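**Q** The chain contents come next:
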Amino acid sequence: MISSSTFHVITTELTVGMFALSGVAFLLCLIRKGPISRESVAHWALLGGLIATPFAIISGINSTPSEGITDPLLANKVLLSMTSTGIAIGVLINRKLGADVDVKHSSLGLLSVGLMLATAGIGGEYSRGETLLFLVPKETVFLFPLWASIMIAVLGIIMISKSAIQHRV
Amino acid sequence: MRFNLIIISVLLILSSTISTANPGGKGDDVRSRDCAGSCHSAPSTNGQSSAILALEFPGQVYAGLLFDMTSSVGNVEVSSNNMVGYNILINSDGAKDLPSNDGWEIITDPNGGKNNYVEIVDSFSSFNTVNRTWTLRAPSSVGTYQMYLAVQHGTPEGEVSMTGISSAFSVEVIEVPEDLPRLSPDWQPPNSRQIGESTTIKLETLFAETVSVELKNGGQITNLQVTNGEFTIPASVNEGVVEWRVIMEGEGPTQTSPWFRLTASAPGWEIDETNLYIQATALLLLCLGLVLSFRTPTVSYLKEYSDNPLSQQSDSNGPPIPAGGIPEGWTEEQWAYYGQEHLDSLEGGTNQ
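Respectively, the protein sequence lines represent chains L and S. Position 40 (the first sequence) corresponds to 39 in numbering that gives the first Met the number 0; numbering is contiguous. Position 298 (the second sequence) corresponds to 297 in numbering that gives the first Met the number 0; numbering is contiguous.
Rather than coming from a laboratory, the hints here were simulated on the basis of the structure. Take these hints with a grain of salt, some might be off.
Some but not every residue of chain L turned toward chain S, in silico, with C-beta under 8 Å [said to hold, decoys possible]:
#1 Leu-27
#2 Pro-34
#3 Ile-35
#4 Leu-46
#5 Gly-47
#6 Thr-84
#7 Phe-133
#8 Val-135
#9 Lys-137
#10 Leu-142
#11 Ser-148
Here are some chain S residues pointing at chain L (derived, C-beta under 10 Å) [as the list claims (entries may be wrong)]:
#12 Gly-24
#13 Tyr-61
#14 Leu-64
#15 Glu-156
#16 Glu-242
#17 Arg-244
#18 Ile-246
#19 Ser-264
#20 Trp-268
#21 Glu-272
#22 Ile-277
#23 Leu-283
#24 Leu-285
#25 Leu-287
#26 Leu-291
#27 Tyr-337
Since we're looking at a predicted model, the values are computed, not measured. All C-beta atoms in this analysis are idealised placements derived from N, C-alpha and C, irrespective of residue type, glycine included.
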């Protein structure tokens, strides 16, 4: 068997690799250059990255030497990765429902990729003390009060529901 | 264009160094040498460290009892972060080399943990020797054992990672005299505490009639009162290490335990994890809702969408087919979807 640390390396490389590939393809979609397969590549790679993400998160938690979240970097990783996941799922659903791969759609895809790569950058800062992303928040975590989080969640659910109803109509 | 890309790619590959992985260290852990070496790429690509390495043991090491071991590293130039990884091993094979394989137990490593690999930051140089103390429990079987000290570190130039391993140091583990006053084999000292907390420790001893405890704080040694095998180390106001030891008297020869180290540290960073996970879920839902609301209103032809992106505009003929026909290798369906983009790019190229 392999340790959770090794499994985490495998899953993070899968996740980051898939997202990076998706990012390149979305960039080509944005500038409308490159092979015609760029749209399929962008979305399938994004889906692959999304599938690998939960494994990366779970193995990451298991491989952390300390118990629980004991560093602001880890808290920011959780927030950034979930934000990225939300955007990525939205981009994929939009595409499945037939959205055109226009500037708006491609930009959202790129935003999702950027957030996930920032999450990976924070991982580098946490484990090795170095990252290319010099602006990653190292000591600050924007934590809302519980009532605000619940309101945001309710707002999100309303928006999702409204979107689903519009789609049916 | 393609040639330029190849040249740039080759230059980028050639500009990379052989191995500077994990320049900030990998963190203390229980690691074999092979694993420790792989943190700086493959061991075969490492440089040979010039460090002079040594392990020092007390005169008598009793089976199953605690003792202090001193590791020293000298004559070494390291990277700007002044960090060296110390690895205590039982062989130099890179496999089955953990001290626990021979029955050794690391009670306190130099950083206050229980690991055989620790990363030490100190004034390493060719003129300085850095000593660190480990508290170990000897194997329960008597015999002659071997111990190694391996190191890994960077270089001032930061190009190649360096590794080194000492020659074998033999240590003779002898039988414990029957009536030797000693600490119980199951007893373990605490290694850490938080600032502002006093620490009450209960000792478990064998064959000891009187027990006293000495506390060393800075250079000063004070005696602590022991009542029913319990004593209290006063709270620390700053981060740091206090050392203490037990002196046990009985029918056998008087025994003094190794200096145990108790590290005081500030309370760790904490967060309400439930709140964090709820907020993370809320952000996921909000972002999902926002992105879905950004979707271009669905029109009838989009409902016929399939996995093939070309099918989205299957009812559109695209731009007029030029006199020379559609480009070679293109289908009419591709022309319908990408034709305008192709014409735009041709127009752009012509303008240039």
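**Q** Evaluate each hint against the coordinates.
**A** Hints, one by one, checked against the model:
1. Leu-27: At about 12 Å, which exceeds the 8 Å cut-off, the nearest Cβ of chain S leaves the hint on L:Leu-27 violated.
2. Pro-34: Violated. Min distance 10 Å.
3. Ile-35: With a minimum Cβ separation of about 6 Å from chain S (threshold 8 Å), the hint on L:Ile-35 holds.
4. Leu-46: Check failed: Cβ of L:Leu-46 comes no nearer than 11 Å to chain S, outside 8 Å.
5. Gly-47: violated, 15 Å
6. Thr-84: holds, 6 Å
7. Phe-133: Violated: closest Cβ of chain S sits about 15 Å from L:Phe-133, beyond 8 Å.
8. Val-135: violated, 15 Å
9. Lys-137: With a minimum Cβ separation of about 11 Å from chain S (threshold 8 Å), the hint on L:Lys-137 is violated.
10. Leu-142: holds, 6 Å
11. Ser-148: holds, 4 Å
12. Gly-24: holds, 7 Å
13. Tyr-61: Violated, about 32 Å.
14. Leu-64: violated, 29 Å
15. Glu-156: Nearest chain L Cβ about 17 Å off; hint violated.
16. Glu-242: S:Glu-242 check fails; min Cβ-Cβ to chain L is 25 Å, beyond 10 Å.
17. Arg-244: violated, 29 Å
18. Ile-246: Constraint on S:Ile-246 not satisfied, violated at 35 Å.
19. Ser-264: Nearest chain L Cβ about 12 Å off; hint violated.
20. Trp-268: holds, 6 Å
21. Glu-272: holds, 6 Å
22. Ile-277: Holds - the Cβ of S:Ile-277 comes within 10 Å of chain L, reaching about 5 Å at its closest.
23. Leu-283: Constraint on S:Leu-283 satisfied, holds at 4 Å.
24. Leu-285: holds, 4 Å
25. Leu-287: The hint holds - S:Leu-287 has a Cβ within 10 Å of chain L, the shortest such distance being about 4 Å.
26. Leu-291: OK, holds: S:Leu-291 within 10 Å of chain L, min 4 Å.
27. Tyr-337: holds, 6 Å
Consistency with the previously given hints fails for numbers 1, 2, 4, 5, 7, 8, 9, 13, 14, 15, 16, 17, 18 and 19, ordered from lowest to highest.
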